[in-house]
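Trainee: Sequence:
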Amino acid sequence: MSDLDVPANYRIGPPVREVPVAATDGDNRYRAVQQKLTALARTLDSSLLDLVQLHLRMKTNATRSEEAARAIAAADVDPTFVEMQNAVSLALGGAQIAARKLGESGSEVSRLAQEAQTMHARLYQGLDDIRSSRRERTPKPGFFAH
Numbered sequence: 002m003s004d005l006d007v008p009a010n011y012r013i014g015p016p017v018r019e020v021p022v023a024a025t026d027g028d029n030r031y032r033a034v035q036q037k038l039t040a041l042a043r044t045l046d047s048s049l050l051d052l053v054q055l056h057l058r059m060k061t062n063a064t065r066s067e068e069a070a071r072a073i074a075a076a077d078v079d080p081t082f083v084e085m086q087n088a089v090s091l092a093l094g095g096a097q098i099a100a101r102k103l104g105e106s107g108s109e110v111s112r113l114a115q116e117a118q119t120m121h122a123r124l125y126q127g128l129d130d131i132r133s134s135r136r137e138r139t140p141k142p143g144f145f146a147h
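Numbering (the working numbering), first residue to last: 2 to 147.
It is worth saying that the hints were derived from the structure and are not from the lab. Backbone N, C-alpha and C fix where the C-beta goes; we use that ideal spot for every residue, glycine too. Check each hint, because a few of them may be wrong.
[As the list claims (entries may be wrong)] Computed beta-carbon distance windows for the label pairs: (1) 120 <-> 91: 39 to 45 Å; (2) 116 <-> 91: 33 to 39 Å; (3) 123 <-> 47: 23 to 29 Å; (4) 25 <-> 123: 19 to 25 Å; (5) 102 <-> 134: 42 to 48 Å; (6) 88 <-> 141: 35 to 41 Å; (7) 119 <-> 72: 53 to 59 Å; (8) 117 <-> 81: 48 to 54 Å; (9) 81 <-> 116: 51 to 57 Å.
Use the sequences and the hints to build the structure in full.
Mentor: Next up, the structure:
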């Protein structure tokens, strides 16, 4: 297989996920919010590996593209092709930096989701325990705000 052949297991497109994305269904009960925050953090964490792999592939391809530009220049081919190949290399280099920054942002959002889950549990778990252990129905959240 040459450098230009695509491996049989190589897919173009988003990775197939087994992790459910956090639903935004308007259910704001304690346990539902906890599940949504957990799902959000889990989804972000599982995406980080894909972003790291994407970053590394783009960095490798940018280097290969730069080497191809040098080879084209050494072959004494029309300078237009060298410029085009250099443009591809620069674009891939910029994209790999953006993928790295996106991964860093995703990691930060995942950390913040975990912190929000911990804070939410600290604030509302006791109240949920009391409400869920009662036999009597209690007003929905926000009832006394009107």
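Trainee: Evaluate each hint against the coordinates.
Mentor: Do the hints match the structure? See the list:
no. : hint                    : result
1   : 120 <-> 91: 39 to 45 Å  : holds (43 Å)
2   : 116 <-> 91: 33 to 39 Å  : holds (38 Å)
3   : 123 <-> 47: 23 to 29 Å  : holds (26 Å)
4   : 25 <-> 123: 19 to 25 Å  : holds (23 Å)
5   : 102 <-> 134: 42 to 48 Å : holds (47 Å)
6   : 88 <-> 141: 35 to 41 Å  : violated (58 Å)
7   : 119 <-> 72: 53 to 59 Å  : holds (54 Å)
8   : 117 <-> 81: 48 to 54 Å  : holds (53 Å)
9   : 81 <-> 116: 51 to 57 Å  : holds (53 Å)
Checked against the numbered hints listed earlier, the structure breaks hint 6 alone; every other hint is satisfied.
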